[in-house]
Amino acid sequence: MKYKLEWKYKYKGTAGVVFTSDWLEGEQALVIGEDIEKSGRMLDLSFHDERGTTWNLKEMKKLLEEIEEEPHDLTIFFDGGFDKESSQAGLGAVIYYKQGKKKFRIRANERFDEIENNSEAEYAAMYFTVLLLEEMNVQNMSCEFKGDAQGVLMQLKGEWPCYEENLNRWLDRIEEKLKKLHVHSRFTPIPRTANKEADKLATQALEGKIINSKMQII
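Residue numbers (UniProt numbering): 1 to 218.
Hint data in this document are derived by calculation from the structure and do not stem from the laboratory. Check the hints yourself; a few may be wrong.
Said to hold, decoys possible - Simulated pairs of lysine-lysine, PhoX-like, Cα-Cα distance not exceeding 20 angstroms:
hint: 1; residue 1: LYS177; residue 2: LYS200
hint: 2; residue 1: LYS61; residue 2: LYS101
hint: 3; residue 1: LYS103; residue 2: LYS2
hint: 4; residue 1: LYS180; residue 2: LYS214
hint: 5; residue 1: LYS58; residue 2: LYS8
hint: 6; residue 1: LYS84; residue 2: LYS2
hint: 7; residue 1: LYS214; residue 2: LYS103
hint: 8; residue 1: LYS8; residue 2: LYS38
hint: 9; residue 1: LYS209; residue 2: LYS84
hint: 10; residue 1: LYS101; residue 2: LYS62
hint: 11; residue 1: LYS84; residue 2: LYS200
hint: 12; residue 1: LYS200; residue 2: LYS180
hint: 13; residue 1: LYS179; residue 2: LYS102
hint: 14; residue 1: LYS98; residue 2: LYS38
hint: 15; residue 1: LYS214; residue 2: LYS196
hint: 16; residue 1: LYS200; residue 2: LYS146
hint: 17; residue 1: LYS214; residue 2: LYS2
hint: 18; residue 1: LYS157; residue 2: LYS146
hint: 19; residue 1: LYS157; residue 2: LYS180
hint: 20; residue 1: LYS84; residue 2: LYS101
hint: 21; residue 1: LYS62; residue 2: LYS98
hint: 22; residue 1: LYS177; residue 2: LYS146
hint: 23; residue 1: LYS2; residue 2: LYS61
hint: 24; residue 1: LYS200; residue 2: LYS214
hint: 25; residue 1: LYS179; residue 2: LYS146
hint: 26; residue 1: LYS2; residue 2: LYS98
hint: 27; residue 1: LYS209; residue 2: LYS196
hint: 28; residue 1: LYS4; residue 2: LYS84
Note that the coordinates shown come from a computational prediction; the quantities given were computed from them, not determined experimentally.
Whole structure, please, built from the sequences with the hints as guidance.
Here you go:
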């Protein structure tokens, strides 16, 4: 989750000048907030997250302590592959996140039956990633979803329409699950060359190589 600081700077002869920061990671925002407080020239310091929720400094410290032990700062890559002869899809997902002071990566894939085409495989892959988040018990977190399926991501952002009934059903499932998890989602289209990990997992699933691994990364 990203946070923005807002505070009023006390200046002689004025009611104060209001300053607002850029969007920052939680720990960075807290350090800056504490430093501003020590200056002794600050009024009404507050922290705002991407969902519009506001905290004071004491509440922000408590929030970050609680979040620290949960999976957070999640970035998810997804991709779907399709085999026309078997009408099967290969779904691939890579999840990067922090927990405590450590960073982790989850790699997972799955083979899925009765898919009509490659486009539907991409929607199924996106849904697969959301199910993984549910298994991780991710709740009330900010997640960035990245993939080369621009149509899926732009439709989830609400910027492109979807006319195919079967794909709309996938969108409904995805949005319902994200709502249930109270996830604040960012959808970022990326080039295929930047999505190689998820693409490889999708291909391996079609080949019958099922992977589900978690490792700590540096």
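Hint by hint, here is what the structure shows:
{"no.": "1", "hint": "LYS177 <-> LYS200", "result": "26 angstroms, violated"}
{"no.": "2", "hint": "LYS61 <-> LYS101", "result": "16 angstroms, holds"}
{"no.": "3", "hint": "LYS103 <-> LYS2", "result": "17 angstroms, holds"}
{"no.": "4", "hint": "LYS180 <-> LYS214", "result": "25 angstroms, violated"}
{"no.": "5", "hint": "LYS58 <-> LYS8", "result": "17 angstroms, holds"}
{"no.": "6", "hint": "LYS84 <-> LYS2", "result": "42 angstroms, violated"}
{"no.": "7", "hint": "LYS214 <-> LYS103", "result": "11 angstroms, holds"}
{"no.": "8", "hint": "LYS8 <-> LYS38", "result": "14 angstroms, holds"}
{"no.": "9", "hint": "LYS209 <-> LYS84", "result": "18 angstroms, holds"}
{"no.": "10", "hint": "LYS101 <-> LYS62", "result": "16 angstroms, holds"}
{"no.": "11", "hint": "LYS84 <-> LYS200", "result": "18 angstroms, holds"}
{"no.": "12", "hint": "LYS200 <-> LYS180", "result": "30 angstroms, violated"}
{"no.": "13", "hint": "LYS179 <-> LYS102", "result": "27 angstroms, violated"}
{"no.": "14", "hint": "LYS98 <-> LYS38", "result": "29 angstroms, violated"}
{"no.": "15", "hint": "LYS214 <-> LYS196", "result": "18 angstroms, holds"}
{"no.": "16", "hint": "LYS200 <-> LYS146", "result": "15 angstroms, holds"}
{"no.": "17", "hint": "LYS214 <-> LYS2", "result": "25 angstroms, violated"}
{"no.": "18", "hint": "LYS157 <-> LYS146", "result": "12 angstroms, holds"}
{"no.": "19", "hint": "LYS157 <-> LYS180", "result": "17 angstroms, holds"}
{"no.": "20", "hint": "LYS84 <-> LYS101", "result": "44 angstroms, violated"}
{"no.": "21", "hint": "LYS62 <-> LYS98", "result": "18 angstroms, holds"}
{"no.": "22", "hint": "LYS177 <-> LYS146", "result": "17 angstroms, holds"}
{"no.": "23", "hint": "LYS2 <-> LYS61", "result": "15 angstroms, holds"}
{"no.": "24", "hint": "LYS200 <-> LYS214", "result": "16 angstroms, holds"}
{"no.": "25", "hint": "LYS179 <-> LYS146", "result": "19 angstroms, holds"}
{"no.": "26", "hint": "LYS2 <-> LYS98", "result": "14 angstroms, holds"}
{"no.": "27", "hint": "LYS209 <-> LYS196", "result": "16 angstroms, holds"}
{"no.": "28", "hint": "LYS4 <-> LYS84", "result": "48 angstroms, violated"}
Hint check: violations occur at hints 1, 4, 6, 12, 13, 14, 17, 20, 28; the rest are consistent with the structure.
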